[in-house]
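Undergrad: Keeping their order, the protein sequence lines are chains A and B.
647 is the number of the first residue of the first sequence in the working numbering; add one for each residue after it.
386 is the number of the first residue of the second sequence in the working numbering; add one for each residue after it.
Source of the hints: derived by calculation from the structure; they are not laboratory data.
Don't take each hint at face value.
[Claimed, not checked] Restricting the straight-line Cα-Cα distance to at most 30 Å, the calculated cross-link-like pairs of lysine-lysine (DSS-like) are:
{"#": "1", "chain 1": "B", "residue 1": "K484", "chain 2": "A", "residue 2": "K1051"}
{"#": "2", "chain 1": "A", "residue 1": "K1058", "chain 2": "A", "residue 2": "K945"}
{"#": "3", "chain 1": "B", "residue 1": "K513", "chain 2": "A", "residue 2": "K1111"}
{"#": "4", "chain 1": "B", "residue 1": "K431", "chain 2": "B", "residue 2": "K513"}
{"#": "5", "chain 1": "B", "residue 1": "K484", "chain 2": "A", "residue 2": "K1063"}
{"#": "6", "chain 1": "B", "residue 1": "K436", "chain 2": "A", "residue 2": "K1105"}
{"#": "7", "chain 1": "B", "residue 1": "K490", "chain 2": "A", "residue 2": "K1071"}
{"#": "8", "chain 1": "A", "residue 1": "K1048", "chain 2": "B", "residue 2": "K436"}
{"#": "9", "chain 1": "A", "residue 1": "K828", "chain 2": "A", "residue 2": "K866"}
{"#": "10", "chain 1": "A", "residue 1": "K996", "chain 2": "A", "residue 2": "K968"}
{"#": "11", "chain 1": "A", "residue 1": "K1112", "chain 2": "B", "residue 2": "K484"}
{"#": "12", "chain 1": "A", "residue 1": "K1063", "chain 2": "A", "residue 2": "K1095"}
{"#": "13", "chain 1": "A", "residue 1": "K1071", "chain 2": "A", "residue 2": "K1112"}
{"#": "14", "chain 1": "A", "residue 1": "K1035", "chain 2": "B", "residue 2": "K526"}
{"#": "15", "chain 1": "A", "residue 1": "K1035", "chain 2": "A", "residue 2": "K1079"}
{"#": "16", "chain 1": "A", "residue 1": "K1051", "chain 2": "B", "residue 2": "K436"}
{"#": "17", "chain 1": "A", "residue 1": "K1079", "chain 2": "A", "residue 2": "K1051"}
{"#": "18", "chain 1": "A", "residue 1": "K1035", "chain 2": "B", "residue 2": "K431"}
{"#": "19", "chain 1": "B", "residue 1": "K490", "chain 2": "B", "residue 2": "K460"}
{"#": "20", "chain 1": "A", "residue 1": "K759", "chain 2": "A", "residue 2": "K866"}
{"#": "21", "chain 1": "A", "residue 1": "K1007", "chain 2": "A", "residue 2": "K968"}
{"#": "22", "chain 1": "A", "residue 1": "K983", "chain 2": "A", "residue 2": "K1071"}
{"#": "23", "chain 1": "A", "residue 1": "K1071", "chain 2": "B", "residue 2": "K484"}
{"#": "24", "chain 1": "A", "residue 1": "K968", "chain 2": "A", "residue 2": "K955"}
{"#": "25", "chain 1": "A", "residue 1": "K1071", "chain 2": "B", "residue 2": "K436"}
{"#": "26", "chain 1": "A", "residue 1": "K1051", "chain 2": "B", "residue 2": "K474"}
{"#": "27", "chain 1": "A", "residue 1": "K1048", "chain 2": "A", "residue 2": "K983"}
{"#": "28", "chain 1": "B", "residue 1": "K484", "chain 2": "A", "residue 2": "K1095"}
{"#": "29", "chain 1": "A", "residue 1": "K1051", "chain 2": "A", "residue 2": "K1095"}
{"#": "30", "chain 1": "B", "residue 1": "K473", "chain 2": "A", "residue 2": "K1058"}
{"#": "31", "chain 1": "A", "residue 1": "K899", "chain 2": "A", "residue 2": "K881"}
{"#": "32", "chain 1": "B", "residue 1": "K460", "chain 2": "B", "residue 2": "K394"}
{"#": "33", "chain 1": "A", "residue 1": "K1017", "chain 2": "A", "residue 2": "K1035"}
{"#": "34", "chain 1": "B", "residue 1": "K460", "chain 2": "A", "residue 2": "K1111"}
{"#": "35", "chain 1": "B", "residue 1": "K484", "chain 2": "A", "residue 2": "K1017"}
{"#": "36", "chain 1": "A", "residue 1": "K1112", "chain 2": "B", "residue 2": "K513"}
{"#": "37", "chain 1": "A", "residue 1": "K760", "chain 2": "A", "residue 2": "K866"}
{"#": "38", "chain 1": "B", "residue 1": "K490", "chain 2": "A", "residue 2": "K1024"}
{"#": "39", "chain 1": "A", "residue 1": "K1112", "chain 2": "B", "residue 2": "K460"}
{"#": "40", "chain 1": "B", "residue 1": "K431", "chain 2": "A", "residue 2": "K1058"}
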Amino acid sequence: MQLTDLIDIALISYIIFRLYALFRGSTVLRVLIGIVFLWFFQRIASSMNLILTSWAIQGIIAAAAIIVIVIFRNEIRSVLQTKSLKTLLWSYSIKNTQTPIEIISDSVFELAKKNYGALIVIRAKNNLQDIVHSGITWNGTLSKEMILSIFWPGNPVHDGAAIIQGDQISQVGAILPVSGQKNLPSQYGTRHRAALGLTEQSDGIVVVVSEETGRVAIAKDGQLNFFYTQENFLKTLREYLNRGDEQRATSNKRFRLETSLAAIVSFLFVTAIWFFFARGMDTIVNLDVPIEYMSRPQKMEILDTSVNKVRFQLSGSSAILKSITPDQVQVRLDLSKGVIGDNSFTITNKNVSLPPGVLLKSIEPTVIDVKLDEQVEKELPVQVDWVGKLPSHLILTDVEIKPEKIVVTGGKSILEKLSTIYTEKVRLDSIEKSGEISVNLTLNPASLKVVQGSSENIKVNYVVKKRSSFPIQE
Amino acid sequence: MKQYITAFKIFLILSLFFLSYPIKGTAQKKATSSNKSQVANKIVEKLTLTKATMCESINNFIPENEAIVFSVESKRVFCFTNFNPVPKKMYVYHIWYYKDQVITKHRLSLNPPQWSTYSSMQLRDYDKGPWRVEITDENNKIFRILRFSVTD
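Starting from the given sequences, assemble the full structure and let the hints guide the process.
TA: So, in structure tokens, the structure goes:
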């Protein structure tokens, strides 16, 4: 393993970790993880020659990738539209989530402002099943909005108590036992007596909000304490529940642990993939690559070459070598310094481009001979290339060609040998009388070109007559 | 005697007079003939091709079934040429090309004052394709090019 490989692994690990950090908590991450698992299954199916399974999973991955972009476009947009590059590359925010105690505190005082009566039981260790009756199972995540909606006067369950366990509202509309104490102040309403009743029979804590006065109280161990400020309420609740700031500290700690774990997992994952690709560096394949000729001097044509392709011997991991596509391996020869006549060009590493992770072991041949020719123009007469057979009673006596001559451009040594340019083959079988047809020229070799302004389309006017006599067969 | 001498002198003078007339006429005739031949020479010194055609056969030096496409079934194709005038005994060439390659070259003699001549070629299956015949003089001056095709 070299330094470049370590940098490679570190960069990809960081990218994967950043994806986790940016999309943490959203469904995007879950879907991406699902796609990664699908990719692994596809590799396994492919190695086991399960063609149909591999093909099907490939299709699903391709479709899933598009679906992810379409469905999660808002999440992706919000990430990409971050104001600073620092946020994209480095932000590491610890979520400032409220603890359950803080949620209860905010909710209770909000209810108190509105004079909505509320009875909230915070369960401790004792089971309340035998004490509480007629509760409706809720199992909702604790939130301020949830509490406010439960104790909204129009809600059918607002008269009962809400039981909170951890960060969940486990039951609503529960009936609490009324206190057995006989000398309670007269201003205590049903809610207060119910709160005291529960705390006399269990170690739970009950928060009461009076509907009449809007006063907030906490009941514990058969005692009721009233609070006029949220700070005192919060402080007392924390003391009763022995949770304090530990909850927040625990939450932050958990977040850091989770993030560190994500970083380690992405590093290990990328390292595993690197070994998967990097192993088997001694796999060798032969590949025939066509030669690309570049920067041909103006007014010169390539007349001939000794070879049209070269054979590469490549080494690398089998996974990379199998996935090579023709456009990834190229050999280019620069003809800018070529002269008219024979030229020899040696292929070096500078002429070759390969995908990363692939090494070139040998090239065959290393020297390419290229014959360059001067490009000239020549006027040539046109002749029709007739094929097939006329009906035996007819003869083709005359033909008029327009234009009679064409100017072509091409290599000097080719045009020196040419005296005529022929049309495409014109069939005689369907000809029964004189007429006119349009035909194209046949440029052979294909490097010949008709000069601009000249047309490759030829008009042929032919004359057909009846045969006067049949030739004597020898 | 004197009468005979006088008669003889008159006869001699008359004889000389009549004898001198043909000499003058001959000289004029010769002079006219030589002028005429000089003029004639100037007119006829250029060999001229009057007819050139490809045909399927030749009958009494008349080309039959002149065409530009010939079937291999006709077995033979002819190139007929007529020159008028032919100033002197000379030679022309019929050069046969198949797709720009020289296949055969016929040297044909011409005799004055006018002359028809022809060359021919046997046709085989592998001769199908475009042909041409170039009619040239001894200095490779091309009189005409005849283009034709051999087909099925």
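Undergrad: If a hint holds in the structure, say so; if it does not, say that too.
TA: How the hints compare with the structure:
1. B/K484 with A/K1051: Holds: B/K484 and A/K1051 sit about 17 Å apart, inside 30 Å.
2. A/K1058 with A/K945: Cα-Cα ~10 Å, so holds.
3. B/K513 with A/K1111: Roughly 22 Å between the alpha carbons, so the hint for B/K513 and A/K1111 holds.
4. B/K431 with B/K513: violated (37 Å)
5. B/K484 with A/K1063: Holds: B/K484 and A/K1063 sit about 11 Å apart, inside 30 Å.
6. B/K436 with A/K1105: holds (26 Å)
7. B/K490 with A/K1071: holds (27 Å)
8. A/K1048 with B/K436: Holds, because 23 Å separates the two Cα atoms, which is no more than 30 Å.
9. A/K828 with A/K866: Answer holds: A/K828 to A/K866 is near 17 Å, not above 30 Å.
10. A/K996 with A/K968: holds (24 Å)
11. A/K1112 with B/K484: The hint holds at about 28 Å.
12. A/K1063 with A/K1095: Roughly 16 Å separates the two Cα atoms, so the pair holds.
13. A/K1071 with A/K1112: It holds: about 23 Å lies between the C-alpha atoms, which stays within 30 Å.
14. A/K1035 with B/K526: Answer violated: A/K1035 to B/K526 is near 35 Å, above 30 Å.
15. A/K1035 with A/K1079: holds (14 Å)
16. A/K1051 with B/K436: Since the Cα atoms of A/K1051 and B/K436 sit roughly 23 Å apart, the hinted pair holds (cutoff 30 Å).
17. A/K1079 with A/K1051: holds (26 Å)
18. A/K1035 with B/K431: violated (41 Å)
19. B/K490 with B/K460: holds (19 Å)
20. A/K759 with A/K866: Status holds; Cα separation ~23 Å.
21. A/K1007 with A/K968: Since the Cα atoms of A/K1007 and A/K968 sit roughly 17 Å apart, the hinted pair holds (cutoff 30 Å).
22. A/K983 with A/K1071: violated (41 Å)
23. A/K1071 with B/K484: The given pair, whose Cα atoms are some 14 Å apart, holds under the 30 Å limit.
24. A/K968 with A/K955: holds (20 Å)
25. A/K1071 with B/K436: Holds. A/K1071 to B/K436 sits at ~29 Å (cutoff 30 Å).
26. A/K1051 with B/K474: violated (36 Å)
27. A/K1048 with A/K983: Violated, at roughly 42 Å.
28. B/K484 with A/K1095: The given pair, whose Cα atoms are some 19 Å apart, holds under the 30 Å limit.
29. A/K1051 with A/K1095: holds (14 Å)
30. B/K473 with A/K1058: The hint is violated at about 41 Å.
31. A/K899 with A/K881: holds (22 Å)
32. B/K460 with B/K394: Given that 30 Å is the threshold and the Cα spacing comes to 85 Å, the pair is violated.
33. A/K1017 with A/K1035: violated (42 Å)
34. B/K460 with A/K1111: Cα-Cα ~21 Å, so holds.
35. B/K484 with A/K1017: Holds, at about 25 Å.
36. A/K1112 with B/K513: Holds: A/K1112 and B/K513 sit about 22 Å apart, inside 30 Å.
37. A/K760 with A/K866: holds (25 Å)
38. B/K490 with A/K1024: holds (26 Å)
39. A/K1112 with B/K460: holds (20 Å)
40. B/K431 with A/K1058: violated (36 Å)
Of the hints listed earlier, those the structure fails to meet are numbers 4, 14, 18, 22, 26, 27, 30, 32, 33 and 40, in rising order.
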